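Student: Spelled out, the chains give:
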Amino acid sequence: MNERIIDLAARGEGRGWATSWYEASARARIDGLLDAGSFREVIGPEQRRMSPHLPLFDLPRAFDDGMIVGSGRLDGSAVLVAAQEGRFMGGAFGEIHGAKLVGLLRAALKLKPAAVLILFDTGGVRLQEANAGETAIAEVMRAIMRVRAAGVPVIGLIGGRAGAYGGGGLIAGTCSRLVVSEGGRISVSGPEVIETNKGAEEFDSRDRALVWRTMGGKHRRLTGGADAYADDTIEAFRQAALDQIGRAPAFDLATLEAEQRRLEERLVRFGDCRDATEIWGQLGVNDPESVPALTTADFETLLVSLGETTHDAR
Amino acid sequence: MMLAEILASLFPEGHTVTIADGLISGEGPFRGGRLAVIGIDGDTALGVDGACRLAGDVLDVVRRGGGTPILVAIDSDSQRMSRRDELLGLNEYLAHLAKTLLLADAHGHPTVGLIYGHSAAGAFIATALATRVLVGLPGANPSVMDLPSVARVTKLPLDRLEAMAKDTPVFAPGLDNMVRTGAVQAVLDPDLPLADQIAAVIDAMPEDDHRDRLGRERGGRPVAEEVAAQVVRDAALG
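Listed in order, the protein sequences are those of chains A and B.
So for the first sequence, our numbering puts the first residue at 1; every next one is plus one.
So for the second sequence, our numbering puts the first residue at 315; every next one is plus one.
Chain A with its partners taken away, still in its complex shape (with noise of 0.2 Å):
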């Protein structure tokens, strides 16, 4: 159960600056990200709001329901923060999860922080509590409309073992700025799930090569599907959340005409390819096939060669 999860990775390394992103709980996260301390959990584990649903499917619970929120301070700004355990439920949105972050968006109206950051990962809706989750990502999705019309910055970051699946996809898309680590994946359709309805010929769940390719952070990043791209540690997520902060579009019409643009272009240059080192061929990567393996310094140098992959419609 999540309340006695252990994070061996954070625990003894202080602040634990190096510590991987994708290998640490969500409190981990959240205490390495912002300034030392500052973190203040609303709606704590103490309070042992657990799911009412969960019980009645014979499955254990946890006393935060797999969603942290609070507030803190990120290099002294004020901000509204919200992670997700991936490893609760794969990070998955039931009835008390959901409304956590709905309610943190409605305060971020009143409160106006400097940003909300959202640390996904998830699998999208959890089943036992399928219509609870499925409305929630919807008023989540309205929330954030709203906060970014009000001029607060939302910044999705996705480098976690649930990646951001399902309906946790459509929130990312939803947000003012991505940062993506490399074992980030962005979907709807997870490989299983497409595998299961389409067979393996669609799309073979084992081939796990082909899931980074077609969803993981390098490809998200290079066609525009995220905005940051970040190695596997806390300190280089804290960075790329700071940088993006202040480059966060605005969300108004012209905002949406751009993305309305961009996206069509999407369809007509890369509609036909088969496989995501297609789509990077066309993009001017000389060696597409090398992508995997680049570093991150590698890729960065990469990303300022091709200039065509940073935009504001979003």
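Hints are supplied without guarantee of correctness; some may be wrong.
As the list claims (entries may be wrong) - Covered stretches of chain A (in silico footprint by chain B; criterion: 3 or more residues with CB under 8 Å from a CB of chain B, positions within the stretch not fixed):
1) 93–99
2) 169–182
3) 265–272
Stated by the list, open to error - Okay, derived cross-link-like pairs now, DSBU-like style, lysine-lysine, Cα gap no bigger than 35 Å in a straight line:
4) B:Lys469 with A:Lys198
5) B:Lys469 with B:Lys480
6) A:Lys198 with B:Lys480
Claimed, not checked - Distance windows between CB atoms, simulated:
7) A:Gly271 with B:Glu521: 52 to 58 Å
8) A:Asp287 with B:Arg377: 38 to 44 Å
9) B:Arg547 with A:Leu59: 26 to 32 Å
10) B:Thr332 with A:Leu253: 23 to 29 Å
11) B:Gly328 with A:Gly307: 25 to 31 Å
12) B:Glu531 with A:Ala258: 22 to 28 Å
13) A:Lys112 with B:Asp374: 30 to 36 Å
14) A:Glu300 with B:Lys469: 41 to 47 Å
15) B:Asp522 with A:Gln47: 22 to 28 Å
16) A:Pro60 with B:Asp522: 33 to 39 Å
Simulated from the structure, these hints should not be mistaken for lab results.
In this text, all values refer to a predicted model and were calculated from it rather than measured experimentally.
No residue lacks a Cβ here, since even glycine has one placed at the ideal position from N, Cα and C.
Fit chain B to the supplied structure of chain A, relying on the hints for placement.
Tutor: Same frame as chain A, but now just chain B:
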């Protein structure tokens, strides 16, 4: 109701709504102005191409201004499940479509969802659930996942799930359960003119998102409203 009957009931004087590749687009006369219609018909899955076209239609309405309301009529499958769709970034396309609807609403174009058939998962979130108010017609069947699939994933016997589904609205498929969750505000009467009923929905648009309150009142989401409200109450910048 079939889409043709819906359109006839909405627009007794005729309309320009067309259907191509399962995508609905057009408009008709409505209360002295126009009502724009977009949507998905025939249990069609929503992929990158369809989402992009529908989003373009919504932006056209916003660009023309005038506060034209937008009806989002839905009888869809889930999101299209394919390698190509995910390779091209389906999450961005579906989110973009939802954002255009949210923007339209914020720009004074009332948005109303109308579910008259099936819908599921990402297609549902990107369309009907992204409107200010979602209503349904009898016989509609929204779901996140059908019960046999839920049985596979949760490893619970199907007959037990079917028994649980009878009195557990939080997870079971179906229109009634989405009404109780608060996602669907009301079920319309197919025997009365839809134009009048949609007009009444538009006239009674809630200012804020009150789906969690409905969920509590109707018992489908007992604690969401209270949890969200507590976060709003307790959160403070340090």
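Student: For every hint, state whether the structure bears it out.
Tutor: Structure-based check of all given hints:
| no. | hint | verdict |
| --- | --- | --- |
| 1 | 93–99 | holds (count 4) |
| 2 | 169–182 | holds (count 6) |
| 3 | 265–272 | holds (count 4) |
| 4 | B:Lys469 with A:Lys198 | holds (21 Å) |
| 5 | B:Lys469 with B:Lys480 | holds (19 Å) |
| 6 | A:Lys198 with B:Lys480 | holds (30 Å) |
| 7 | A:Gly271 with B:Glu521: 52 to 58 Å | violated (41 Å) |
| 8 | A:Asp287 with B:Arg377: 38 to 44 Å | holds (42 Å) |
| 9 | B:Arg547 with A:Leu59: 26 to 32 Å | holds (29 Å) |
| 10 | B:Thr332 with A:Leu253: 23 to 29 Å | holds (25 Å) |
| 11 | B:Gly328 with A:Gly307: 25 to 31 Å | violated (51 Å) |
| 12 | B:Glu531 with A:Ala258: 22 to 28 Å | violated (41 Å) |
| 13 | A:Lys112 with B:Asp374: 30 to 36 Å | holds (33 Å) |
| 14 | A:Glu300 with B:Lys469: 41 to 47 Å | holds (44 Å) |
| 15 | B:Asp522 with A:Gln47: 22 to 28 Å | holds (25 Å) |
| 16 | A:Pro60 with B:Asp522: 33 to 39 Å | holds (35 Å) |
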